[in-house]
Amino acid sequence: MRNLSRIIRVLTASGFAIVMFFPLYTNFIGGFKTNGQLLSDPFGLPTPFTFEPFQTILGRSGEFWTFFYNSVVIAAVTILLTLFCSMAAGVALSRISFKGRTLLFNFFVMGLLFPLTVAILPLYLQLRNFGLLGTRAGVILAETAFALPLSIFIFTGFFKDIPWELQDAVAMDGGGVITFALRVILPISAPVMTTVTIISLIMSWNQFLLPLVVLSNEQTFTIPLGVMQYQGQFTTGWNYIMAFITISIIPMALFYLFLQKYIVAGLTAGATKG
Amino acid sequence: MGRKESRTGNLRNTLLALVLLSPALLLFLLFVVIPVVQAGYYSAFEWNGMGPATQFHGAKNFVRMFGDRIFRTALLNTLEVVAVSLVVQLPLAFFFALLVGRRKTPGEFTFRSIYFFPYVLAEIVTGIIWKFIYHPRFGLPTVLARLVTGSQMEIGLLGDPNLAFSAILVVVVWKYIGFHMILYIAGLQGVPKELEDAAVVDGATNSQVIWNVIIPSIRNTIIISAFLAVIGSFNIFDVVWALGQGGPVHSTETLVTYLYNFGFRRFAFGYGSAVAVVIFALCFVFNLFYQRYIVGGQRNA
Chain A
1 MRNLSRIIRV LTASGFAIVM FFPLYTNFIG GFKTNGQLLS DPFGLPTPFT
51 FEPFQTILGR SGEFWTFFYN SVVIAAVTIL LTLFCSMAAG VALSRISFKG
101 RTLLFNFFVM GLLFPLTVAI LPLYLQLRNF GLLGTRAGVI LAETAFALPL
151 SIFIFTGFFK DIPWELQDAV AMDGGGVITF ALRVILPISA PVMTTVTIIS
201 LIMSWNQFLL PLVVLSNEQT FTIPLGVMQY QGQFTTGWNY IMAFITISII
251 PMALFYLFLQ KYIVAGLTAG ATKG
Chain B
275 MGRKESRTGN LRNTLLALVL LSPALLLFLL FVVIPVVQAG YYSAFEWNGM
325 GPATQFHGAK NFVRMFGDRI FRTALLNTLE VVAVSLVVQL PLAFFFALLV
375 GRRKTPGEFT FRSIYFFPYV LAEIVTGIIW KFIYHPRFGL PTVLARLVTG
425 SQMEIGLLGD PNLAFSAILV VVVWKYIGFH MILYIAGLQG VPKELEDAAV
475 VDGATNSQVI WNVIIPSIRN TIIISAFLAV IGSFNIFDVV WALGQGGPVH
525 STETLVTYLY NFGFRRFAFG YGSAVAVVIF ALCFVFNLFY QRYIVGGQRN
575 A
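As given, the protein sequences belong to chains A and B, one line each in that order.
Oh and the first sequence: position 101 is 101 in my numbering, straight run, nothing missing.
Oh and the second sequence: position 131 is 405 in my numbering, straight run, nothing missing.
The hints are simulated quantities; they were obtained by calculation from the structure and are not laboratory data.
Predicted model, so just to flag it, every value in this text is computed and none were measured.
Idealized CB from N, CA, C, for every residue including glycine.
Label pairs and their calculated CB-CB ranges:
#1 A:Pro187 to B:Gly325: 52 to 60 Å
#2 A:Glu63 to B:Asp342: 33 to 41 Å
#3 A:Leu254 to B:Arg420: 35 to 43 Å
Derived pair list, reagent style DSS-like, types lysine-lysine, alpha-carbon separation capped at 27 Å:
#4 A:Lys160 to A:Lys99
#5 A:Lys261 to B:Lys378
#6 A:Lys160 to A:Lys261
#7 A:Lys261 to B:Lys467
#8 B:Lys378 to B:Lys467
From the structure, some residues in chain B lie toward chain A, with a derived Cβ separation under 10 Å:
#9 Pro297
#10 Thr400
#11 Ile407
#12 Ile553
Build the full structure now, drawing on both the sequences and the hints.
Here you go:
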């Protein structure tokens, strides 16, 4: 009986796995076909394998590397800026008492209610006013701003649980809040920094609407924008599009594979903010 | 907050706090708060985004919006995403979690990774992958139909206004199901094993254990996942955009594609802002409802 139920479970799980994986399978093998082969036999295995689409995308065209570079720069600076701003704010909101602290905290948390879509039109005008339209900096600043409510919420919650005795001990040695932040808070914040980094990275790496609105020059395009425009070119073969997609998936797939534990923790933390 | 309110709240402290808060505050005000407030303000104007907004329109934008057949399609489609997420996606994700999240099936890690993988993809990439799967000449429905009937027919789901949005809903479920499964698996790990065992000893059937032990124990997780699914549905854009930019003939518009198509592309910033206000109102009302009736009804949410 027990074995039978195990077999049924494996079969059911496999059935769903085939359905779930099929679109990805189609895409992964498609990059190893010639376009003619792909269109005459879209779902069969490639015979023979060709690496030409991958070679073209990684080599000659160079577009991919531009998009990749832009995505990396935008994500990296967004993450650093988010960490810096929200940790500084978190320290102020959790370790210093001043009038209006709770009010300010609630003000930031209220930002969780505003999806990017709601603000996108005026945001565009705002970036235009600052001369940031068409620049990576515009994307970075806006992405950071929208990442702040959640990360400030996470950091403040984490920091305020640090025992006050520790802060008093630093104060005895003549150190202020800044010394305390650098000597005590920073070294123990690695886990929560990882969480915020993961959330910001996923958000930034996959972000489409904001770069779509802000960026206009192909030289500044990120991967999602680049892949959209690449598949829109009439002359592009589907095998090239699929190879392009496969390559663009690899960094994220590796990231998930190696950091799975932290990612699940990060996603759950992001989700349980309530 | 407020653990040691007795601590001296002197001027020096306040200044230091403000210095530390200023980068975050500056970005937040400039790029979140002000634009959101502006969206509310512009929604009462007819304005192309150039020069000052002077043509006051009152509630005309909203009247026009709700009188627009395309807007109503967009609203209905968006609500359809909400419904399918709640009624199809979440139960299926829960089923996946039961199947591969309780150390009862060999190869759970592999299955879990496969189910989760679509969530890793950028939405836009997801859309493009499925654009090929649905391709009228080379796609899966066409290939299957030809196999079965032997004829040279073509099935273009995305080109058919009656079917295109259903085809998109399939992609939405496929894309986000793994995320909710992961939430449920995390929740399942908190279900006391003894409780489950005790129920089995008492002769409870599998479905009784699920309904009476597991579901009540992960109630919080279910509430959170439903909340995220609803808010995410209100804001759905990328996948829809990649699969047809709201077309054919506006049959797959959602609120955000409508905002983009009718606000950005036509430089109707007042009208687009009015659409944004509707999206915000939906999120806000839902959030109030959620806080009041769902989270409010229990502790430890």
